[in-house]
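Colleague: Take these sequences, add in the hints, and give me the full structure.
Protein chains in written order, with the numbering used here: chain A, 6 to 379; chain B, 17 to 329.
Don't take each hint at face value.
Unchecked claim - The following label-pair restraints were derived from C-beta to C-beta distances:
#	chain 1	residue 1	chain 2	residue 2	range
1	B	ARG220	A	ALA251	54 to 60 Å
2	B	LYS110	A	TYR95	29 to 35 Å
3	B	GLU255	A	HIS325	32 to 38 Å
4	A	LEU350	B	GLU109	33 to 39 Å
5	B	GLU109	A	GLY181	41 to 47 Å
6	B	GLY283	A	GLU359	25 to 31 Å
No lab work stands behind these hints: they were computed from the structure.
All values derive from a computational prediction rather than experimental measurement.
Heads up, the beta-carbon is just placed ideally off N, CA and C, and yes, glycines get one too.
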Amino acid sequence: MYVAVKGGEKAIRNAHQLLANRRRGDTSVPALTLDQIAEQLAISVARVMGEGSLYDEQLAALAIKQARGDLIEAAFLIRAYRTTLPRFGYSQPIDTGKMLVERRISATYKDLPGGQLLGPTFDYSHRLLDFALAAEAEGEIEAPVRREPADEAMPRVTDLLDEEGLMEADPVSSEGSPVGDLTREPLSFPADRDLRLQNLARGDEGFLLSLAYSSQRGYGRTHPFTGEIRYGAVEVEFFAEELGFAVSLGTIKVTECQMVNQFQGTAKSSPKFTRGYGLVFGQVERKAMAMSMVDRALRWEELGEEQVAPVQDTEFVMSHSDNIQATGFVEHLKLPHYVDFQAELELVRRMRDEWFAAREAEEKSSRTQKEAAE
Amino acid sequence: MTAQPKPLDEGEYNFAYLDEQTKRMIRRAILKGIAVPGYQVPFASREMPMPYGWGTGGVQVTAAILGADDCLKVIDQGSDDTTNAVAIRGFFEKTARVETTFETSKASIIQTRHRIPEKDLREDQVIVFQVPIPEPLRFLEPRETETRKMHALEEYGLMHVKLYEDIAKNGHIATTYAYPVLVNGRYVMDPSPTPKFDNPKIDRMAALQLYGAGREKRIYAIPPYTDVKSLDFEDYPFEVQKFDKPCGLCGAENVYLDEVILDDKGGRMFVCSDSDYCEERREAGHLGPMAADPNAMTLAGGASADHTEEPAR
Numbered sequence: 006m007y008v009a010v011k012g013g014e015k016a017i018r019n020a021h022q023l024l025a026n027r028r029r030g031d032t033s034v035p036a037l038t039l040d041q042i043a044e045q046l047a048i049s050v051a052r053v054m055g056e057g058s059l060y061d062e063q064l065a066a067l068a069i070k071q072a073r074g075d076l077i078e079a080a081f082l083i084r085a086y087r088t089t090l091p092r093f094g095y096s097q098p099i100d101t102g103k104m105l106v107e108r109r110i111s112a113t114y115k116d117l118p119g120g121q122l123l124g125p126t127f128d129y130s131h132r133l134l135d136f137a138l139a140a141e142a143e144g145e146i147e148a149p150v151r152r153e154p155a156d157e158a159m160p161r162v163t164d165l166l167d168e169e170g171l172m173e174a175d176p177v178s179s180e181g182s183p184v185g186d187l188t189r190e191p192l193s194f195p196a197d198r199d200l201r202l203q204n205l206a207r208g209d210e211g212f213l214l215s216l217a218y219s220s221q222r223g224y225g226r227t228h229p230f231t232g233e234i235r236y237g238a239v240e241v242e243f244f245a246e247e248l249g250f251a252v253s254l255g256t257i258k259v260t261e262c263q264m265v266n267q268f269q270g271t272a273k274s275s276p277k278f279t280r281g282y283g284l285v286f287g288q289v290e291r292k293a294m295a296m297s298m299v300d301r302a303l304r305w306e307e308l309g310e311e312q313v314a315p316v317q318d319t320e321f322v323m324s325h326s327d328n329i330q331a332t333g334f335v336e337h338l339k340l341p342h343y344v345d346f347q348a349e350l351e352l353v354r355r356m357r358d359e360w361f362a363a364r365e366a367e368e369k370s371s372r373t374q375k376e377a378a379e
Numbered sequence: 017m018t019a020q021p022k023p024l025d026e027g028e029y030n031f032a033y034l035d036e037q038t039k040r041m042i043r044r045a046i047l048k049g050i051a052v053p054g055y056q057v058p059f060a061s062r063e064m065p066m067p068y069g070w071g072t073g074g075v076q077v078t079a080a081i082l083g084a085d086d087c088l089k090v091i092d093q094g095s096d097d098t099t100n101a102v103a104i105r106g107f108f109e110k111t112a113r114v115e116t117t118f119e120t121s122k123a124s125i126i127q128t129r130h131r132i133p134e135k136d137l138r139e140d141q142v143i144v145f146q147v148p149i150p151e152p153l154r155f156l157e158p159r160e161t162e163t164r165k166m167h168a169l170e171e172y173g174l175m176h177v178k179l180y181e182d183i184a185k186n187g188h189i190a191t192t193y194a195y196p197v198l199v200n201g202r203y204v205m206d207p208s209p210t211p212k213f214d215n216p217k218i219d220r221m222a223a224l225q226l227y228g229a230g231r232e233k234r235i236y237a238i239p240p241y242t243d244v245k246s247l248d249f250e251d252y253p254f255e256v257q258k259f260d261k262p263c264g265l266c267g268a269e270n271v272y273l274d275e276v277i278l279d280d281k282g283g284r285m286f287v288c289s290d291s292d293y294c295e296e297r298r299e300a301g302h303l304g305p306m307a308a309d310p311n312a313m314t315l316a317g318g319a320s321a322d323h324t325e326e327p328a329r
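Modeller: So, in structure tokens, the structure goes:
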């Protein structure tokens with residue numbers, strides 16, 4: 006059997022052709038449309054937009070279709086597209102206090118101004134496969150119940166509790182102080198919270214989930230409570246220099262999570278509740294929660310806590326959270342490495358020769374000793 | 017080497033994919049790297065349309081220095097015909113429409129992964145290395161904050177201890193590729209995972225050497241004719257791999273060889289890893305001991321195996 010080592014142009018071309026064929030699957034089955042993906046796989050689309058760092062549902066849907074549903078591959082397609090886009094500037098900070106809220110819950114307060122609003126959630130559903138969905142034609146979907154348009158404002162939970170001084174206040178940002186951007190400046194350590202949050206917002210959902218989970222199981226305990234999760238549409242504004250005021254660019258849907266953590270205080274600061282912050286595109290609640298827990302854990306230094314766990318290790322967390330980088334480096338092991346492997350072959354052969362020679366010499370000497378003793 | 021953007025049709029990417037601002041940023045990092053040989057310059061690496069680990073650092077460096085008159089050669093594992101080399105060459109053919117070549121002597125820019133061509137490079141050539149882990153101290157100290165400090169203080173004791181421990185344990189230094197070097201008497205540098213066989217070539221090389229690490233966001237450089245010393249000890253001097261046999265196809269000696277398994281009965285041969293060098297020698301009439309073997313000749317033809325055929329039903 007002849008084993009070929011050098012591939013070539015033709016192999017790549019054929020592989021791409023086969024991939025296109027496999028991506029499409031059985032052609033007697035209708036092809037997915039981007040609208041179908043954007044509408045019916047909305048949480049996948051949101052994840053791809055978040056980890057791909059580009060808010061565009063149609064492009065994310067296209068990426069998911071092209072990537073055969075591989076969400077990390079889809080996020081990668083989005084990143085590679087995003088990197089070529091011209092950058093006009095940075096938007097104004099979004100105001101989640103003015104969110105058009107679709108869901109808002111607090112696990113710390115039974116009732117609060119604006120009320121609890123369960124919204125679309127899996128939380129209290131029974132995870133039983135719904136075979137009706139598998140049927141050829143879905144039944145009519147009942148129109149959702151809509152609440153009366155409420156005049157009552159829905160302030161963020163963390164703004165409510167400040168008066169007592171129990172809750173750590175929002176950090177004050179000085180006007181015009183630059184916000185870091187790790188897509189424009191290479192990451193360096195120590196990294197401040199702006200960069201950490203940016204890194205986490207782009208980070209892999211699974212990685213952050215596991216880190217957050219580890220902090221609940223004793224690796225860097227942070228005693229978290231869900232102060233608030235809110236999901237809905239917020240306006241994005243851009244300050245146009247030519248006009249001298251901010252103009253609206255449109256709305257995006259985001260999930261914001263404020264995790265509240267008990268803090269026992271140090272010599273410098275009084276006991277109080279501290280916070281971790283999470284913000285993601287779309288209704289990717291799991292990631293928003295995990296992000297806020299990891300954010301809180303990474304604040305150990307500023308709060309004078311002890312560093313004991315991986316989740317608190319800024320360099321470890323930030324260097325490994327990006328799944329585009331991670332998947333690239335892990336999967337690059339598929340590339341040919343025969344030049345390096347050849348070097349290793351030579352070394353291992355040499356070490357084996359030495360090992361066998363040494364053993365033989367040892368056996369020989371023990372044999373002679375034995376013979377001498379007899 | 018300045019890029020002269022060609023007029024492009026609407027909707028197309030800029031010359032060599034990256035926008036001019038990004039290329040300028042990368043060129044600044046390259047210039048800094050040349051000014052401080054062996055020092056790892058952080059740069060704002062961009063996402064590229066190929067995955068991290070596939071050579072995004074090298075591709076960005078090449079894109080930044082590529083001009084319309086350049087002639088580009090891309091090799092992976094020494095060969096122009098390996099899949100990744102084909103893909104990267106195709107990328108620049110598409111986005112920059114520059115001339116490409118397999119011939120080492122014809123190229124003005126050579127992008128490489130894991131090898132340096134056997135033929136000596138010239139002053140008017142640039143070699144661009146794809147680097148996975150730019151930090152030579154990384155496997156001794158995982159923290160970037162620490163390793164940067166160690167470089168700043170020229171604190172390289174740990175590396176010497178590691179090499180010493182190798183000798184104490186194995187009787188020789190057990191690093192076969194990515195073998196650390198000292199550049200210009202100052203910075204310890206990772207020459208990328210080229211086999212240590214290639215280390216002597218980077219010492220006082222006539223061509224400019226540029227190293228790009230995309231995922232790790234680092235660029236470093238060795239200007240022409242810079243002293244590059246492979247780390248060793250007086251009583252354990254640096255030495256390169258030696259092959260007992262010449263290349264099976266072209267008979268070349270003192271070159272780096274790939275071991276090719278010919279059948280499932282232990283049959284194997286050694287052939288030049290630098291496929292262009294091998295071909296040139298064969299054209300000049302040099303023949304190796306295996307040149308008559310039909311299996312070997314398939315290989316010499318560079319026939320690509322078609323791995324993508326439909327499985328038999």
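Colleague: That 33 to 39 Å hint for LEU350 (chain A) and GLU109 (chain B) (C-beta), does it hold up?
Modeller: The hinted range 33 to 39 Å holds for LEU350 (chain A) and GLU109 (chain B), with Cβ atoms some 34 Å apart.
Colleague: State, for the Cβ atoms of LYS110 (chain B) and TYR95 (chain A), whether the hinted interval 29 to 35 Å holds or is violated.
Modeller: With a Cβ separation near 32 Å, LYS110 (chain B) and TYR95 (chain A) satisfy 29 to 35 Å, so the hint holds.
Colleague: Could you check the hint for me, namely that GLY283 (chain B) and GLU359 (chain A) are 25 to 31 Å apart, CB to CB?
Modeller: For GLU359 (chain A) against GLY283 (chain B), whose Cβ atoms are near 26 Å apart, the range 25 to 31 Å holds.
Colleague: Cβ-Cβ distance between ARG220 (chain B) and ALA251 (chain A): within 54 to 60 Å?
Modeller: 59 Å, holds
Colleague: Looking only at beta-carbon atoms, does the pair GLU255 (chain B), HIS325 (chain A) fall within the given range of 32 to 38 Å?
Modeller: 37 Å, holds
Colleague: Holds or violated: the 41 to 47 Å window for the beta-carbon distance between GLU109 (chain B) and GLY181 (chain A)?
Modeller: 46 Å, holds
Checked against the numbered hints above, the structure violates none of them.
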